[in-house]
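Residues per chain, in single letters:
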Amino acid sequence: MLKLYHWEPNANSGKPMLALMEKGVAFESHYLDLLNFDQHKPDYLAINPLGTIPALVHDGKVFTESTAIMEYVDAAFEGPSLTPVDPIERWRMRWWMKWFDQYLAKSASMLGWSVFVGPSVRARDPEELKAAIERIPMKERRVAWSKAIYNTFSKEELAESTRRLRDGIGKLEAALGARAWIAGATYSLGDANGFNLAYALPLAQPDVCNDEKTPAIMEWLRKIYERPATRKCWALARVPRMGERVKFLERT
Amino acid sequence: MPTLYHWEPNAGSLEVLAALHEKNIPFESRYVDFLAGEMWRKLSSQEMAFAAEMEVVSNLEIEGPVLATESGAALTDSYFINLYLDDAFAQTPLRPADAESQWRINVWARWIGEELYPATNTLGCAKYATAKLKDKAIETLPGQERQDAWRTAQRGYAIDEIAEARRKIAVMLRRTEDALAKGAYLVGESVSLADFTLLGASLSLPKTAPDQFEGAPYTNAWLARMRERPSVQAALRYARSNAPDESFAPGAERSRWG
Numbered sequence: 001m002l003k004l005y006h007w008e009p010n011a012n013s014g015k016p017m018l019a020l021m022e023k024g025v026a027f028e029s030h031y032l033d034l035l036n037f038d039q040h041k042p043d044y045l046a047i048n049p050l051g052t053i054p055a056l057v058h059d060g061k062v063f064t065e066s067t068a069i070m071e072y073v074d075a076a077f078e079g080p081s082l083t084p085v086d087p088i089e090r091w092r093m094r095w096w097m098k099w100f101d102q103y104l105a106k107s108a109s110m111l112g113w114s115v116f117v118g119p120s121v122r123a124r125d126p127e128e129l130k131a132a133i134e135r136i137p138m139k140e141r142r143v144a145w146s147k148a149i150y151n152t153f154s155k156e157e158l159a160e161s162t163r164r165l166r167d168g169i170g171k172l173e174a175a176l177g178a179r180a181w182i183a184g185a186t187y188s189l190g191d192a193n194g195f196n197l198a199y200a201l202p203l204a205q206p207d208v209c210n211d212e213k214t215p216a217i218m219e220w221l222r223k224i225y226e227r228p229a230t231r232k233c234w235a236l237a238r239v240p241r242m243g244e245r246v247k248f249l250e251r252t
Numbered sequence: 253m254p255t256l257y258h259w260e261p262n263a264g265s266l267e268v269l270a271a272l273h274e275k276n277i278p279f280e281s282r283y284v285d286f287l288a289g290e291m292w293r294k295l296s297s298q299e300m301a302f303a304a305e306m307e308v309v310s311n312l313e314i315e316g317p318v319l320a321t322e323s324g325a326a327l328t329d330s331y332f333i334n335l336y337l338d339d340a341f342a343q344t345p346l347r348p349a350d351a352e353s354q355w356r357i358n359v360w361a362r363w364i365g366e367e368l369y370p371a372t373n374t375l376g377c378a379k380y381a382t383a384k385l386k387d388k389a390i391e392t393l394p395g396q397e398r399q400d401a402w403r404t405a406q407r408g409y410a411i412d413e414i415a416e417a418r419r420k421i422a423v424m425l426r427r428t429e430d431a432l433a434k435g436a437y438l439v440g441e442s443v444s445l446a447d448f449t450l451l452g453a454s455l456s457l458p459k460t461a462p463d464q465f466e467g468a469p470y471t472n473a474w475l476a477r478m479r480e481r482p483s484v485q486a487a488l489r490y491a492r493s494n495a496p497d498e499s500f501a502p503g504a505e506r507s508r509w510g
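Protein sequence lines, in the order shown, are assigned to chains A and B.
Going by our numbering, the first sequence opens with residue 1, and the numbers climb by one from there.
Going by our numbering, the second sequence opens with residue 253, and the numbers climb by one from there.
It should be emphasised that the hints constitute simulated quantities derived from the structure, not laboratory data.
Bear in mind the structure is a predicted one, so any value in this text is a computation, not a measurement.
Every residue gets a Cβ at the ideal spot worked out from N, C-alpha and C, and that includes glycine.
What you were told as hints is all true, and nothing was included just to trick you.
Ranges of calculated distance between the beta carbons of each label pair, as one might list FRET restraints: (1) B:K434 / A:E212: 54 to 60 Å; (2) A:P119 / B:A410: 28 to 34 Å; (3) B:E413 / A:S120: 27 to 33 Å.
Derived EDC-like pairs: lysine to aspartate or glutamate, alpha-carbon spacing no greater than 20 Å straight-line: (4) B:K434 / B:E466; (5) A:K247 / A:E226; (6) A:K106 / B:D400; (7) A:K139 / B:E413; (8) A:K106 / A:D167; (9) A:K61 / B:D350; (10) A:K139 / B:D412; (11) A:K171 / B:D400; (12) B:K388 / B:D285; (13) A:K171 / B:E305; (14) A:K23 / B:E352; (15) B:K386 / B:D400; (16) A:K139 / B:E366; (17) A:K106 / B:E413; (18) A:K106 / B:E505; (19) A:K171 / B:E397; (20) A:K3 / B:E352; (21) A:K139 / B:E505; (22) A:K61 / B:E352; (23) A:K147 / B:D412; (24) A:K106 / B:E366; (25) A:K147 / B:E413; (26) A:K106 / B:E416; (27) A:K155 / B:E397; (28) A:K155 / B:D400; (29) B:K379 / B:E413; (30) A:K223 / A:D211; (31) A:K23 / B:D350; (32) A:K147 / B:E416; (33) A:K139 / B:E416; (34) B:K275 / B:E480; (35) A:K106 / B:E397; (36) A:K106 / A:E160; (37) A:K61 / B:D430; (38) B:K459 / B:E429; (39) A:K223 / A:E250.
Can you make the complete structure from the sequences, with help from the hints?
Shown next as structure tokens:
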């Protein structure tokens with residue numbers, strides 16, 4: 001039996017969702033409402049004591065870390081391979097997944113939490129929010145939630161995240177201008193990983209990420225959006241604003 | 253045969269040198285002084301023209317080894333170089349074949365690369381590199397993040413940066429102690445890429461965090477075992493200094509978010 005604990009089909013939660021959809025592997029979906037702190041409640045902490053999402057439960061074993069789960073899904077299940085055959089393309093796929101996860105996503109996420117996650121929960125009862133922060137197992141996550149809830153981001157860190165995002169758009173455009181997909185000639189986990197983050201770039205930085213300035217990024221996003229697996233994945237969105245967000249990628 | 257551009261056998265350079273020897277892959281060694289910014293000063297030279305490539309300049313290790321393949325590709329990120337070596341050279345596999353073990357190795361590499369290595373590198377730079385960093389060298393470095401990392405190290409790290417590095421090391425040592433109490437290696441019955449990744453990030457711990465490392469007996473015994481391996485002995489012979497475990501260049505930043 002396969003169970004996936006996840007939030008919206010976006011960012012980290014969306015990575016294993018999209019990999020499973022591409023492989024055609026059926027799974028039991030367990031939606032956790034990140035904005036309701038479901039991921040820090042005792043039921044879920046019994047599954048993943050670190051309180052991070054997503055988590056995959058396969059034959060009773062728990063798998064965490066979204067990108068590592070994607071590689072596990074591709075290796076453990078039948079279905080079309082999402083890892084290139086050529087060892088150099090495999091290297092490139094992994095290199096870019098790390099760059100997406102640890103460079104671009106850190107900046108995008110910080111900005112996203114400052115404009116969406118923080119404001120979505122800030123109005124709630126202050127005592128309830130304080131208790132919610134105290135329940136978070138990992139120090140890094142407590143700091144992130146605290147910054148989002150009390151809006152204590154420094155001007156400098158937000159400016160640096162914006163700089164990295166805009167700079168990163170240029171780097172991604174150059175890479176996608178040179179190759180059909182991020183690792184090379186075939187669609188791979190790297191593209192699925194990248195889409196979960198990069199779909200938001202034209203929305204967040206429209207003056208530098210658009211059809212005119214970054215045609216390769218825009219075409220890559222549309223090609224991924226058109227895949228049946230991506231459609232199926234985003235049909236699981238529950239937050240209306242999330243589900244609507246990708247629709248700008250429809251070709252007119 | 254591939255060419256490895258590496259520095260003293262510590263951190264990523266040690267990780268890849270040891271894996272090459274463990275797998276008995278013939279390669280050419282090119283010694284590059286990372287702390288002197290040699291990789292970047294030779295940017296325009298014929299031999300290191302690859303240093304301008306995106307995956308080299310924007311490597312998140314900041315300063316790390318580069319593997320130039322026979323086909324002309326320049327590969328960076330020590331763990332991913334090692335995965336490439338394991339994919340491309342079938343002899344002596346350094347990962348079990350099952351998907352679960354491979355997931356475990358990936359998770360170790362992620363924890364070590366994102367948490368332990370930036371922490372040990374901060375302590376190592378504070379102790380051994382800060383005084384050696386010169387403005388003139390920093391100005392020639394490519395990329396804003398690299399210049400920022402070098403300037404932060406040059407100024408000296410704030411007390412809370414050092415405390416956070418020590419906290420991360422404590423978290424990681426709890427994890428390695430748990431794993432190594434149960435078996436001789438991090439994943440499975442024999443040595444794997446996870447062990448070589450930990451080796452690179454922890455070789456210096458007896459010097460940079462001696463009090464913390466002494467409190468981790470299983471990890472101590474593991475490091476002693478790893479140092480005895482012929483592949484690691486061979487890797488350590490690339491040292492030009494008397495103390496490769498004191499060789500640090502500013503690098504990998506700790507996570508900015510979450």
